[in-house]
Amino acid sequence: MPLRIFNTQTRKKEEFHPLKEGMAGVYVCGITAYDVCHVGHARSAVVFDVITRYLRYRGCEVTYVKNFTDVDDKIIERARREKAGIDAIAERYIREHDEDMEALGVARPTVAPRATEHIDGMIRLIEVLIAKGLAYAADGDVFYTVEKFPEYGKLSGRGLEDMLAGARVDVNEKKRNPLDFALWKASREGEPWWESPWGRGRPGWHLECSVMSQRYLGETFDIHGGGEDLIFPHHENEIAQSEGATGKPLARYWVHNGFVRVNSEKMSKSLGNFFTIRDILSQFHPEVLRLFMLQSHYRSPVDFSDAALSEARQGMSRFYSTLKTLKDLPGPETDASAGLAEDREPAGQIQALRERFLEAMDDDFNTARAIGHLFETVRLINASLAGKKRAVSRAVLSQAEETIREIGAVLGLFREEADAYLRLDREREAAKRGLSVERIERLIAERRAARDAKAWQRADEIRKDLASQGVILSDTHTATTWAIA
RNA sequence: GGCGGCAUAGCCAAGUGGCUAAGGCAGCGGUCUGCAAAACCGUUAUUCCCCGGUUCAAGUCCGGGUGCCGCCUCCA
Numbered sequence: 014m015p016l017r018i019f020n021t022q023t024r025k026k027e028e029f030h031p032l033k034e035g036m037a038g039v040y041v042c043g044i045t046a047y048d049v050c051h052v053g054h055a056r057s058a059v060v061f062d063v064i065t066r067y068l069r070y071r072g073c074e075v076t077y078v079k080n081f082t083d084v085d086d087k088i089i090e091r092a093r094r095e096k097a098g099i100d101a102i103a104e105r106y107i108r109e110h111d112e113d114m115e116a117l118g119v120a121r122p123t124v125a126p127r128a129t130e131h132i133d134g135m136i137r138l139i140e141v142l143i144a145k146g147l148a149y150a151a152d153g154d155v156f157y158t159v160e161k162f163p164e165y166g167k168l169s170g171r172g173l174e175d176m177l178a179g180a181r182v183d184v185n186e187k188k189r190n191p192l193d194f195a196l197w198k199a200s201r202e203g204e205p206w207w208e209s210p211w212g213r214g215r216p217g218w219h220l221e222c223s224v225m226s227q228r229y230l231g232e233t234f235d236i237h238g239g240g241e242d243l244i245f246p247h248h249e250n251e252i253a254q255s256e257g258a259t260g261k262p263l264a265r266y267w268v269h270n271g272f273v274r275v276n277s278e279k280m281s282k283s284l285g286n287f288f289t290i291r292d293i294l295s296q297f298h299p300e301v302l303r304l305f306m307l308q309s310h311y312r313s314p315v316d317f318s319d320a321a322l323s324e325a326r327q328g329m330s331r332f333y334s335t336l337k338t339l340k341d342l343p344g345p346e347t348d349a350s351a352g353l354a355e356d357r358e359p360a361g362q363i364q365a366l367r368e369r370f371l372e373a374m375d376d377d378f379n380t381a382r383a384i385g386h387l388f389e390t391v392r393l394i395n396a397s398l399a400g401k402k403r404a405v406s407r408a409v410l411s412q413a414e415e416t417i418r419e420i421g422a423v424l425g426l427f428r429e430e431a432d433a434y435l436r437l438d439r440e441r442e443a444a445k446r447g448l449s450v451e452r453i454e455r456l457i458a459e460r461r462a463a464r465d466a467k468a469w470q471r472a473d474e475i476r477k478d479l480a481s482q483g484v485i486l487s488d489t490h491t492a493t494t495w496a497i498a
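Residue numbers (my numbering): 14 to 498.
Some hints here could point you the wrong way.
[As the list claims (entries may be wrong)] FRET-style restraints, in silico, Cβ to Cβ:
| # | residue 1 | residue 2 | range |
| --- | --- | --- | --- |
| 1 | Arg-17 | Glu-451 | 48 to 58 Å |
| 2 | Lys-26 | His-490 | 49 to 59 Å |
| 3 | Glu-74 | Gln-364 | 49 to 59 Å |
| 4 | Ala-116 | Glu-372 | 23 to 33 Å |
| 5 | Arg-441 | Ala-97 | 28 to 38 Å |
| 6 | Glu-324 | Glu-372 | 37 to 47 Å |
| 7 | Asn-276 | His-490 | 18 to 28 Å |
| 8 | Ala-381 | Lys-33 | 27 to 37 Å |
Don't read these hints as lab results, they were simulated from the structure. Beta carbons are placed, not taken as given, at the ideal position from N, Cα and C, and that holds for glycine.
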């Protein structure tokens with residue numbers, strides 16, 4: 014079964030056949046380094062992290078390029094406001110970005126190039142475009158002449174006339190057509206600049222991706238990705254630049270992730286309705302955030318809220334509880350259930366997990382379905398452990414654990430030891446509610462004494478008291494454990 | 001105004017025309033338990049937004065309507 018990917022350009026799912034068998038070149042547009050990253054950036058990062066991990070899981074050797082835009086109006090503005098250099102600003106937010114990604118468990122790209130390291134390449138590309146009549150210099154600026162590229166609009170599915178009709182484009186006297194976009198901008202007083210054939214200036218935003226993708230992945234590569242807001246104009250302009258210069262297709266599959274919303278509105282800097290990755294990771298384990306996102310398909314919007322994250326947290330607890338149970342199981346040598354006839358059906362279903370995972374992921378990276386299969390497997394495992402009727406051999410169970418971990422690695426989940434996860438979760442939640450772990454444990458000790466004395470009334474009083482604060486106790490033969498609801 | 005997307009149970013959500021419409025959360029009943037929790041079992045969509053059409057067969061395809069969202073300006 015081949016992998017099928019939804020291609021924005023054709024609006025269809027297409028079979029994925031990389032340019033070179035067993036290899037894949039992936040380019041994803043990264044951030045502009047002018048501020049800390051929010052949950053929207055996290056989603057894009059997690060989506061493409063899972064995509065590259067899955068391609069690798071399927072045996073593909075992936076070169077994953079994700080760029081940093083380190084020169085741009087917003088960085089310049091911030092630098093001016095803080096009376097700092099743009100490189101200091103960019104450096105700071107690139108470092109913070111890297112820390113956030115590390116915390117989210119996002120694997121590092123193969124190459125993370127920066128725009129300012131590729132100014133020479135950009136100037137060369139502009140020269141090619143001018144030579145081909147696709148660009149023109151005007152008073153220190155250089156513009157791409159959109160009318161000369163007949164395929165302009167093919168990615169976003171619009172024609173030049175359509176776009177002019179809506180015309181919310183800034184009026185610029187120097188442009189021949191209002192839709193022409195800047196390849197090079199003359200630098201004004203106090204702005205960073207590089208020498209160029211058109212005078213001192215700085216690159217336009219779209220140019221860097223054309224140059225860097227070609228530099229690291231070649232003229233044509235396999236997958237180009239980013240948030241869906243980049244389809245137009247950013248990716249459309251990249252196509253115009255790259256294909257205009259080389260005459261060859263830029264990317265073979267265009268992949269765009271949906272937005273994170275807050276109250277049904279796009280989470281964005283300009284609306285001010287954003288949560289930074291740091292904010293959220295101080296409240297929830299990174300895998301909770303990942304599960305929340307991966308339970309929806311990557312192209313759908315997801316509505317972000319505290320309640321939604323709490324639900325995802327419940328899900329993670331369910332997974333880790335089962336993983337803990339499996340880990341605590343005695344070894345297969347003490348197994349009396351091996352070879353039982355009843356073993357076959359549930360065992361078969363548990364063993365089919367890997368197959369179902371592949372099937373779901375091969376269908377345009379359907380992580381939501383894949384996670385559904387994980388939950389189903391968890392239920393089967395728990396059922397086999399709970400009842401004697403559905404007993405499954407230990408060998409099958411430990412194999413299931415291995416498969417769950419293996420699949421988790423592709424999704425970036427279950428990276429923790431179960432005990433450690435559950436303990437950390439408990440402590441984090443207790444802290445959120447301002448509960449003292451010391452006091453809880455003191456009450457548990459008191460309750461144990463009461464139980465030993467069969468003073469059930471006092472024991473239940475303590476249980477109720479703690480429960481009212483969200484602390485749930487559970488008694489086993491040997492001890493009492495606690496968790497936060 | 002132009003272009004595009006979405007609408008599935010109380011909530012989140014998958015669903016590639018064809019057996020009983022995944023899964024999670026919440027709820028209810030039960031098993032287990034001194035009482036609980038977890039776990040398990042059962043239960044919760046005979047209008048899959050509305051109207052029409054194609055088909056032996058439609059949540060799934062086509063047309064129209066309603067509602068929400070996105071892009072067209074920096075944006076993951």
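Those earlier numbered hints the structure runs against, lowest number first: 3, 6, 7
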